[in-house]
Structure formats: structure tokens, C-alpha cells
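Participant: Chains as they are written, first to last, in the working numbering: chain A, 1 to 362; chain B, 363 to 483.
Hints may be right or wrong, so weigh each one.
Covered by chain A, according to a simulated footprint, are these stretches of chain B (three or more residues, beta-carbon under 8 Å) [to be verified]:
hint, segment
1, 418 to 432
2, 437 to 444
If you want a taste of the chain A side facing chain B, the calculated C-beta under 7 Å gives, among others [said to hold, decoys possible]:
hint, residue
3, 65
4, 151
5, 192
Hints are computed from structural coordinates only; laboratory data are not their basis.
For clarity, every value in this text was computed on a predicted model and none was experimentally measured.
Each residue gets a CB set at the ideal place from its N, CA and C atoms; glycine is no exception.
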Amino acid sequence: MIKERDEMSRTTIIPFGPQHPAFLEPLNLSLKLSEETVIGAEINYGYNHRGLEKALTSDFRRSIYMCERVCGICSFFHSTAYCQSLESLFQVQVPERARYIRTIMMESQRLTSHLLALGHTAEAIGFESLFMQLFRERESIMRMVNDISGNRVHYSMNAIGGVRRDISAQQRSDIVSRMDGLEVRFEELAKIFEKDPTIRARTVGKGVLTPEIARSYGVVGPVARASGIAQDLRETYCQGLSFRPVVREEGDAYARSMVRVEEILRSIDLIRQTASELPGGALNIPFRGRPTGETFTRLEAPRGELLYYVRAKGTTDLERIKIKTPAFVNVAALSAMVPGCEMADIPVITVSVDPCICCTER
Amino acid sequence: MAMLSIVLRNLITGPVTTRYPEGPADIPEGNRGRVDWNMEACTLCGLCQKRCPTLALKVDKKAGTITLEVFRCIACGVCVDACPQEAIGMIAETSRPGYFKDVRIYQKEVTEERDEGPPQP
């Protein structure tokens, strides 16, 4: 059908972004159109490049705080991945309490990230009232992390060898009660996502990514899990807690949103388990000297697998840091999702991937 | 229909937002805001300057001052944790926008006599 249209009409190339009212991120797509149908897309990166990988190779103690600035939505994941890398270089075993506190903060940040992604999906669809409701729930989580860490976005809680701030008994019970309240309210919103005819009309069958193509692009996180690839690093990280990944088979924009919806409920459950089983003990273990050697660290960030490679040569400055962010591979898969869709579906499909250009271009 | 019931409920419960800037801002207690020195307790040891990840601080032992470049400070709280005298605290407030890159100087009151050096530029 695309071929027939191609013969009848001239193809047009339309630049979409980096500044576009429907895009929240500075991403540029060169869309090849035949009438209203997209027949190809080229993704152009580089509008937000800040050279952070080089900047991070300065003093290894100071870089923890700069790592958080790689991305504002998954800041804690970046600093955790960095700290875990240095802990493995120093051969420090993080205390169990610090590991649990990190899990609580990471899952809380996953909640804020997924609620943001779902809110933006609702906004791209034109469902403003649902967007407002999702952001209201997100605000209650932001408030909770602010109470724990003292900041809404950059928690500054990580240290090499553990965490810097403790969670008191009062805060633990507050976390559990907040999670109970959020679960009830979010289940109501999840039903809207699942059944609402407007959302279904705009997302079902749009931007399909088959498992084979998903594997060839190497997509990660909710995008991979929506295409039937059951991979979630939390299965190994959350040992001792009951957790299983959310997997769907459809591979369309609807499946990607629904994976996030179900992951929010799983994260609420994980936070509740961790907060109620928080073990006692030290918060962090001191380390001595300067790092030497090289290491890889992998973490399940909200958008998928986050990878840190650190190489040190025994000086205060690190030799090399390489960050592979999940958004980098997921955004590339857009070029396989958009062919065949209508021009008006581009914002919804793009937002369903949850692109983060801050992460992508570092 | 599920959305309609939420909308109707919201009509009764009222807004969740605060009327800032007309009303007071809703800043939680324990928020990491402005860093503040208690110069009576401070011994000018310089540990805060050494630990500061953004190099926003300068401790001048001779002049008895601590100079903070406000726009460089990320309010991470490392200096608060590092201070052995517990002279550094954090005030829960949001940073204000400004026309200039503000610099705050904290002066320690000097009790003993000391030689005045040449005036600082």
C-alpha cells in the first residue's frame, strides 16, 4: 500500500523538532512522508551534548555529584551506578541497610519517572485531565523523597561505600502509608489507561516493534519488555524480595504504556517490602586510597539497562568513564517504529518510548 | 466513566496547589536550601573548602572569612557533614534568581590583636 501511494505522490521530508510544541525533548526527526503516511525517519542527535563523560574524569570523589546531573529524571540511578563501580574498584561491600535505602530511593525515582512518562503520553494524546491526575500523584512521591533526602531531584544521598542519609522509623511508616494511599488512587488511573476508548484509539497498533526488530536494535527496559523480551536486571538486584518483571507481547505504544502502568504497581510493592524489612546496621563503609583497575556496572534504570564503565590508574582523576544510557538505544529504535504510521501519531509514538535526550547525549 | 468520577470528586475536594507567590511557598522542613555558617562556632579549619565538590567555597584563615559563591553551590550538604564543629547548617528555602552571581562573605569576629595586611583588591 505504501508503495502504491509512493508512485502516485511525491515524497516530502518534514523536520520534526528539536523545538516542537509536541516534543518535550530536543530531538530532531527527519520524517519522510508520502501524503500523511510516514515512510521513513532519520534521527539526528547532538543538540544537547555537554561533554559530561570527559568532565566526569576529574576528582573521583567530586564526580558523584556531577553524575547526578547527567539526567534529572534518573539522577539517583546514575550516582548509584557510579558508586557501585567505584565500590567494586575499592572492593568495598556495601552494608545491607545502605543497599535497602538505595532500593527505596531508586524505586521511588522509578515511580516519578514512569508517572512522568505516562503523564506525557496522556498529554500527547490530548487527555489533559489524566495528565493532571498523574502529575498530582507524582507530586506526592516528590514530596516523599524530599522529606527523606532534602531535595526533589538531586538527592545527593549516595557515597562511595554506602549512603549519606538514614531513613528514620517515622519516615518508614510514612513511606508505607503513602504507598498504600498511592496504590488505591493509582489503580483507578490504571483502569483509565487500560480501558479508555480515547487512549486505546490513539495507541493500540501504533508504532509496533516486533521482538525480532527489538532484538536487532538492542532495545532495553519497558520498550523491550513491551515487545516480549523478558529482561529486567532487578531480578538479580532485588534478591530476597518478591519481584518478577512485567512482560507484554504486543509491542505497540499501548503495550509500552501498560508495561509502565504495571511496573508502577510492582515498584509500589517493592518499596513497601523494602521499607518494612529495612535491616539495621551501618550506613556506609569507609574506603582508603585511590582507585585502580577497570569495571563494568549495570543497573535497571526507569528506561532500561544503564551501564557504567570506569577505568582508573591509581590517581585522583579517573582515566575514562563510559556511560551507556537506556534512552540512547531506545530512541534509535524509533526509526523502526514510525514507518507506516500517520504523521499525527508521531508525538504519541515518540513519547511512548520515553526519550530522554539528557541521557542520550550526555 | 472512571475519569468522570475523579473529576466530580475533585470539584468537591478543592485545589491541591498552593497560591504561590501570592501566598507563602510550601517548602518542606528539612529541605536542603541555603547553606549558613555560624561563625562563632567556626574555627576556620578549611575542611568544608576541601570537601566541596563544586569548589564554591574559599576559607581565608588570615582575614577570618568564608566566601561562598552562591551560584556554584549545589546544596549537597557535604560541608554540613564534614564540619567537626557543627558550625554549618542548612536553611529550608529556595534559591532566588538574581541579576548578578552573588557572593556571600561570612566574617569571623577576631578578638585578639593582629597585624593588618595590605588591603585586598
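Participant: Give a verdict on every hint.
Facilitator: Evaluated hints:
Here's how the segment 418 to 432 of chain B fares: 0 of its residues keep a CB closer than 8 Å to some CB of chain A, so the rule of at least three is not met and the hint is violated. Using a Cβ-Cβ cut-off of 8 Å, 5 residues of the segment 437 to 444 of chain B lie near chain A, which meets the minimum of three, so the contact claim holds. Taken as an interface hint, residue 65(A) checks out: its beta carbon lies about 4 Å from the nearest beta carbon of chain B, inside 7 Å. Because the smallest distance between the Cβ of residue 151(A) and any Cβ of chain B comes to about 5 Å, under 7 Å, the interface hint for this residue holds.
A least Cβ separation of about 5 Å between residue 192(A) and chain B falls short of the 7 Å threshold, and the interface hint therefore holds.
Taken one by one, the earlier hints fail for this structure only at number 1.
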